[in-house]
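Starting from the known structure of chain G, arrange chains F, H and D on it as the hints suggest.
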Amino acid sequence: MEKYLYIALFAPLVSSLFSALFTAQKKKQFVGVIASLLIFTAFASSTVLLVHILNGGEPIHVTLMTWMATGGLNIPFGFVVDEVSVVMMMVVTLVSTVVHIYSNGYMDHDKSFNRFFAWLSAFVFSMMVLVMSDNYAGLFIGWEGVGLCSWGLIGFWYNKESATWAANEAFIMNRIADLGMLIGLFLVYWNTGTLQYEEAFAAFPGLDHATLVWIGIFLFIGAMGKSAQFPLHTWLADAMEGPTPVSALIHAATMVTAGVYLVIRSHPLYDLIPNVGLFIASLGAFVAIFAASMALVNRDMKRIIAYSTLSQLGYMFAAAGLGAYWVALFHLMAHAFFKALLFLGAGNVMHAMHDELDPFKMGALKEKMKWTWIMMTIASFALAGVFPLAGFYSKDAILEVGFVEHHYIIYTVLLVTAGLTAFYSFRLVALIFHGEDRYTLFGIHPHEAYKFMLWAMSPLLILAIIAGAFQHTFFELVEEALNAVHYHIHSHVTLWIMIIGTQAFVLASIFYAYKKYARKGIKVPDGTSETEQSFLYKLLYNQYYIPYFYDEYFVKPYRELSSIFWKKVDLKVVDATVDGIAKVLYSTGSATRGMQSGNLSTMLRWMVVGLVVLLMIAVAVGLAARYSAELSQFLAGLGV
Amino acid sequence: MEIGLNHYLVLATILFGIGLYGVMRRKNLLMLFFATEILLNSVNIGFAAISHYYADLTGQMFAFFVIAIAASEVAVGLGLLIVWYKRHNSIDLDEMSVMRG
Amino acid sequence: MFEAISFYLFSFLVIASFWVAVTTSQALYALTALAAGMILISGFYFTLGADFLGAIQIIVYSGAVLALYAFGMMFFDTTREVKEKKPNKAIVTTLAVLAAVLTVAIVAAPIVSQNIVALYPSVESVGNTQQIGVVLFTKYLVPFEVAAVMLLVAMIAGIVLAGKKMDISLTKLSESEIEKQNAEELV
Amino acid sequence: MLEPVNVSLESLNLMTLAPMLIPIVGALLILVVDLFKSNIDKSLYVMLSILFLFTDFMALAGSSSAFMQNGTLLGLFDVMLVDGLAIVSQFIIVVASMLFIPLALTSKRFHEFSYPEFFALFLFMIAGFQFMVATDNLILIFVGLETASLSLYTLIAMHNREKSFEAAVKYFTMGALAAGFYSFGSMIFYAVTGSVEINQIATVLVANGFSDIGFVMVGFAFILASFAFKLSLVPFHTWAPDVYEGSSAAMAGYMSIVPKIAAFIVAMRFFEFLIHSGLVWVEAILYVFVVVTMTAANLWALVQTDVKRMLAYSSISHAGFAMAAVMIGTTQANTALLLYWVLFTFTNLGSFSMLWISRQKKMLPGQNSDHSYEKFAGLVQSSPMAATIMALFMLSLAGVPPFALFWGKMYLISAAVTSGYTVLALIMALNSAIAGYYYLKLIVYMFMKDPVDSRYEKVIGSNLSLSLKTIIGIAAVGTIFAFIAVDPLLQAIGGFVYNSGY
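Protein chains in written order, with my numbering: chain G, 954 to 1593; chain F, 431 to 531; chain H, 92 to 278; chain D, 2 to 503.
Just so you know, the hints here were simulated from the structure itself, not pulled from any lab data.
Here a beta-carbon is modelled for each residue, glycine too, at the ideal position from N, C-alpha and C.
Incorrect hints may appear among the rest.
With the C-beta cut set under 7 Å, the calculated list includes, among others, these residues of chain H facing chain G [stated by the list, open to error]: (1) L189; (2) A196; (3) A199.
Lysine-lysine pairs mimicking DSSO-like chemistry, simulated, CA-CA at most 30 Å apart [claimed, not checked]: (4) H:K180 x D:K164; (5) G:K1064 x D:K442; (6) D:K43 x D:K470; (7) D:K363 x D:K450; (8) H:K271 x D:K38; (9) D:K363 x D:K164; (10) D:K450 x G:K979; (11) D:K470 x D:K442; (12) D:K363 x D:K459; (13) D:K442 x D:K164; (14) D:K43 x H:K271; (15) D:K459 x G:K1536; (16) D:K459 x H:K263; (17) D:K470 x G:K1064; (18) G:K1469 x G:K1314; (19) D:K459 x G:K979; (20) D:K459 x D:K43; (21) D:K459 x G:K981; (22) G:K981 x D:K450; (23) D:K442 x G:K980; (24) D:K470 x H:K263; (25) D:K109 x H:K256; (26) G:K1064 x D:K459; (27) F:K516 x H:K256; (28) G:K1064 x G:K981; (29) F:K516 x D:K363; (30) H:K263 x D:K38; (31) G:K1113 x D:K442; (32) D:K459 x H:K271.
Bound-form chain G, shown alone:
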């Protein structure tokens, strides 16, 4: 079995190195093919390992080599395939296989085709290191690795100013969070003397509560950065500057979920500090609704999906924070499938629309892009949590957790968010695929993506539909590893009311979104409104001003609020803080560089200044020591 572990881990590395050989050369189709095959090999090995674990096999644990083992610091380079990591491995390898194959088509015309595959495979390798490591040090190495690769991939089109900016923003924001995580790791190491998961977890119950809280907080700061939780979330939406397959792989299915994985991995820690867990859950719920609110008004297809990812990550943290780690992991898995599908679909649309991102400029694409339409619609249904698709099972489980644990506020927030999710998902689908076509105005002739790209997407489609059915198997798989418990609502009536109520709410939202955006006559909003003059017409057109009323008193304040969130909180507060810190550092540097005047006299004088300062201290110490008797007498005389 160890053989498969090594294959799963190193096939992506081989793929990356192989592709890297050709980075300087023109596009070579075989690079993409071989890279995809190697990633597929990793996927196949992961499947073998999954089957092994499913059949009750022992977790596989290997130690490749020892990095450091002196002076109390022991960092082995070890890997483990257990119930948790095998799930992550499946998600990572499956989605990346799909994305690799898909990219063969998507990046077809890009001159840096080979470089793309080098980065993409390097990312998969880092991600595998992250999930398979059996200690925090390995996890951190993978963690930095994915950060680096994501930087390279977001900024892949480095000629674009915005892409460069976004790449740096992501990298720097992650570095800030990583600092928190590093402190957390040091605390772990300092207090337990090890970074191995098993040993550290065994040592945690013996530590005092305050220490555990600090460890939990610092580790979570790291998780916040990678999983783009408030207030470190801005980079995720901006990261959409990267190629769309990258968004599907990194910013939907794998890297951003690393934070959730960290919390799940460290569950013995968070079990001991439920207060921190509650904070995580509350923050998760807040992010869920906060991000969803921003998705409602946005007019950029990829950003809408990105905000939706944020919102779903909020769900996962809510579940993990409440101790329902298996639910969080299950939602993570299900979400990976349908969100990647959604992104890849969006990629198809972008290709067809020549990189146009405004859904208001599309419309009626379902005739031209039938398969994409079907896939995106099903993915959206799954995202909205409609029965019997994957999202229904996982999201419903999270809601039940909130209810059973008596955190009704979190429950309510998540419930409302479910409605919002449904609305914005279908607003997007409606604007893109339904209504009348608005793209011909812009001289675009859309066409469906390559056949093989659609085929590549099909596994995700199937999983988005059926993944929910495996809930029970999944539960049994991770039951032992995560101390999983079923969350049962004892009254059947309540259960049914909840399920049906939620479904009804979601369906109503979908219906409303369709009604509002799938109709004909939607104009590309251009800011100027030409309203008819007649009062009656106006009244009818505005449906008795009820929508106006809604608009004025609900939607508009709401939109205001969303835009305030976006403009004020996001741009002003968060960005300004980050910028401010950078600016302070920078200006301190410029202000004091005058010390380096380049004049030898000044330089010599600085040396003497240093000497004089040292002498002052020396003399103070010397005199104090010499007259210590007198001094203490004097002080005693003063009554000190």
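Chains F, H and D in isolation, oriented as in the chain G frame:
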């Protein structure tokens, strides 16, 4: 009045201070080098004095090597100055600040 | 008594000549004052019983080092008055005085340590030079040899830097110019 | 009359001198060869230097196996001291020199390499550094230091450009002042203890319980000032950026490694007994130095416009980082310092070599500095290989895992944590984060900007030759695959350091 070790150490320190003053004040590089000679000489007085009062030869050894070092420094320093002077026709250190920041 | 008089006299003279050496604007005065100071310092060495060191001081310093400086001065043509841009005098003076005063504050106090043992004691009956010879060629043999290497380095450095070779910068010339240069050299 | 001196040859332990004698012999041989036949191609001298350095390396291997068997060796009237620190640091010095000297084999001709004196002085300098680390006699340290420094000033000046003279004169003058500090400090310690050997000084001071604490502190102030100059700790660092800019990139890279490790060893020998004797003020002063150096140098590096100056400030910051180990003073910390420096050698060798290959003989019109950031703008378009390798070194300097310096930083910070310096560890981590920003800046220039000036395209790599490629390859391999070597290295260094009692 007995002259003790401390007298010599104070003298050495005063001379060192004069040397420091010269090093910081001089703009003419040649005269700046004079000041560095004063620094080393002041230390030598100290070493000779300690050596005398402790009746130990090590101090004289150190002073001996300091003189050797001072002599070598003169050779290299003057060599550098000569090259500089050939190019700039000046040995003023204020004219020597191309690099800064 | 004699010791005290000679100490204060020499101290005053040395301080005065070094003060002139660092303050005067005439390079020639500075050099002369420096030379005077150096020779006067050898007076201390003789009173302290370090005869060999005193001799070295006069020969090496006043003989070799100052002669080198004198040649340097002729080369730089700084025998006339030198104009120096005066730096902020207050800072310089404060720093130098502070450094001296602070150090004096400590070294003026007697050393209280008791167990100082001379590792290489000087013997009354034997001449200073002989003793120096013995210590220098046993204990300090290696530093002595390294000092020889150091002087060799200084010599090479002086020759390389002051010699003709540095007139043209091969670093700045292009390849073809270097070729031309080499051809001219051969002729 | 004096007793005739009787010394048996065995008691001298002449073998302790062998590693230093080899480069001296080599240097003399080079001078002699030049006397007999001038205008020999520089490659012969490079090969001769490498040959002698390799012999030196073998001699070191010999003394290290002797150390393994017999422990610390004293030789030549106890002046030579061959302990673990001396051996490890000499290994670093010799190996770094072997790696840097082939950088002379560029495809363009530079002034210094046309003269055999360059190689002779280079070998003399190495011998000087070796003497410095293999003794605890303040006199020999001083003489060794000056031998090395005087050679170094000349080597810098021999590059023969306006800036290199300026750099050499500045370095020389400040070095002379530092030499004054050093001798004054030694005098104070001699006055208090009657000895100029560090272990004797320590014994005497501990025996009388630091009763002359004022003297000790003043002496410490002077000695620290002189070593702070060598180690470029703020505010004694002002020479470093100018000297790095003025000298050739190869020399600058060399200066960032070898003189500093020698100074670190002496600092370790000198300061640690003071710290271990419980002088809180010594520790406090060093603490402030470490923190100020790390932070201030990082801030100045942020605002640089020239890559070489940026690297100069970055190595100042790295020196402050490593100085923390001297302050902590445990075996683990000392091991960490040496490990850090080994890894730093490879990374800095690489990054300065990358600057070296893009060296122009003359600056283009409108160009202000040799290695401005603009020069590297859009490098990925013209030569993606060079850009990737440079980025690799920058990432290693920034401490991104799994590249070389990450391990050094990690081990050093963990040494700080285990010794209870949590705040210091935090400051160190924070500084690594700030540092990441300016290393990233170069990467951004290389990968994400468009070329500023097409003239630069030809310049980059113009200096490249097969031997330079080899060196860069070695540096890159060392940087990437450091993770394999870290553990054995750590074991070896830890053994040496532990067995010599530091």
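Right, here's what the structure says about each hint:
1. Satisfaction of the interface hint for L189 of chain H is found here, the shortest Cβ-Cβ separation to chain G being roughly 5 Å, below the 7 Å cut-off.
2. Nearest Cβ of chain G to the Cβ of A196 of chain H: about 5 Å, under the 7 Å cut. The hint holds.
3. The interface hint given for A199 of chain H is broken, as the beta carbon of that residue sits about 11 Å from the closest beta carbon of chain G, more than 7 Å.
4. Between K180 of chain H and K164 of chain D, the direct Cα distance comes to roughly 29 Å. Compliance with the 30 Å bound is thereby established for this hinted pair.
5. Taking the CA atoms of K1064 of chain G and K442 of chain D, the gap is about 25 Å. The hint holds against a cut of 30 Å.
6. With a CA separation close to 18 Å, the supplied pair K43 of chain D and K470 of chain D stays within the 30 Å bound.
7. A distance of roughly 25 Å separates the Cα atoms of K363 of chain D and K450 of chain D; the hinted pair therefore holds under the 30 Å criterion.
8. Proximity of K271 of chain H to K38 of chain D is assessed by CA-CA distance (about 21 Å); at most 30 Å being required, the pair is judged to hold.
9. Distance check on the hinted pair: K363 of chain D and K164 of chain D sit about 12 Å apart at the alpha-carbon level, within 30 Å; holds.
10. This hinted pair checks out: K450 of chain D and K979 of chain G have alpha carbons roughly 21 Å apart, not beyond 30 Å.
11. Between K470 of chain D and K442 of chain D, the direct Cα distance comes to roughly 25 Å. Compliance with the 30 Å bound is thereby established for this hinted pair.
12. A threshold of 30 Å between alpha carbons decides the hint, and for K363 of chain D with K459 of chain D the separation of about 13 Å falls inside it, so the pair holds.
13. Between the alpha carbons of K442 of chain D and K164 of chain D the distance comes to roughly 26 Å, so the proposed pair stays at or under 30 Å and holds.
14. At most 30 Å may separate the alpha-carbon atoms for a hinted pair to count; K43 of chain D and K271 of chain H meet this at roughly 19 Å.
15. A distance of roughly 35 Å separates the Cα atoms of K459 of chain D and K1536 of chain G; the hinted pair therefore is violated under the 30 Å criterion.
16. For the suggested pair K459 of chain D and K263 of chain H, the alpha carbons sit about 17 Å apart, so the restraint of at most 30 Å is met.
17. With a C-alpha separation of about 28 Å, the suggested pair K470 of chain D and K1064 of chain G falls inside the 30 Å cut-off, and the hint holds.
18. About 16 Å separates the Cα atoms of K1469 of chain G and K1314 of chain G, which keeps this hinted pair within 30 Å; it holds.
19. Restraint check for K459 of chain D and K979 of chain G: satisfied, since their Cα atoms lie roughly 22 Å apart, inside the 30 Å limit.
20. For the suggested pair K459 of chain D and K43 of chain D, the alpha carbons sit about 25 Å apart, so the restraint of at most 30 Å is met.
21. Note on K459 of chain D and K981 of chain G: the hinted pairing holds, with a Cα-Cα distance of about 27 Å set against a maximum of 30 Å.
22. Restraint check: the Cα-Cα separation between K981 of chain G and K450 of chain D comes to about 25 Å, which is no more than 30 Å; the hinted pair holds.
23. Restraint check: the Cα-Cα separation between K442 of chain D and K980 of chain G comes to about 29 Å, which is no more than 30 Å; the hinted pair holds.
24. A distance of roughly 23 Å separates the Cα atoms of K470 of chain D and K263 of chain H; the hinted pair therefore holds under the 30 Å criterion.
25. Distance hint between K109 of chain D and K256 of chain H is fulfilled; the C-alpha atoms sit about 19 Å from each other, no more than 30 Å.
26. Annotation: proposed proximity of K1064 of chain G to K459 of chain D holds, straight-line Cα distance about 23 Å (limit 30 Å).
27. Of the supplied pair hints, the one linking K516 of chain F and K256 of chain H holds, its CA atoms being roughly 12 Å apart against a limit of 30 Å.
28. With a C-alpha separation of about 10 Å, the suggested pairing of K1064 of chain G with K981 of chain G holds against the 30 Å cut-off.
29. Annotation: proposed proximity of K516 of chain F to K363 of chain D holds, straight-line Cα distance about 20 Å (limit 30 Å).
30. For a cut-off of 30 Å, the pair hint linking K263 of chain H to K38 of chain D stands: about 26 Å separates their Cα positions.
31. Of the pairs offered as hints, the one joining K1113 of chain G and K442 of chain D holds, with about 17 Å between alpha carbons and a cut-off of 30 Å not exceeded.
32. Of the pairs offered as hints, the one joining K459 of chain D and K271 of chain H holds, with about 24 Å between alpha carbons and a cut-off of 30 Å not exceeded.
Figure legend: structure checked against the earlier numbered hints; hints not met, in rising order: 3 and 15.
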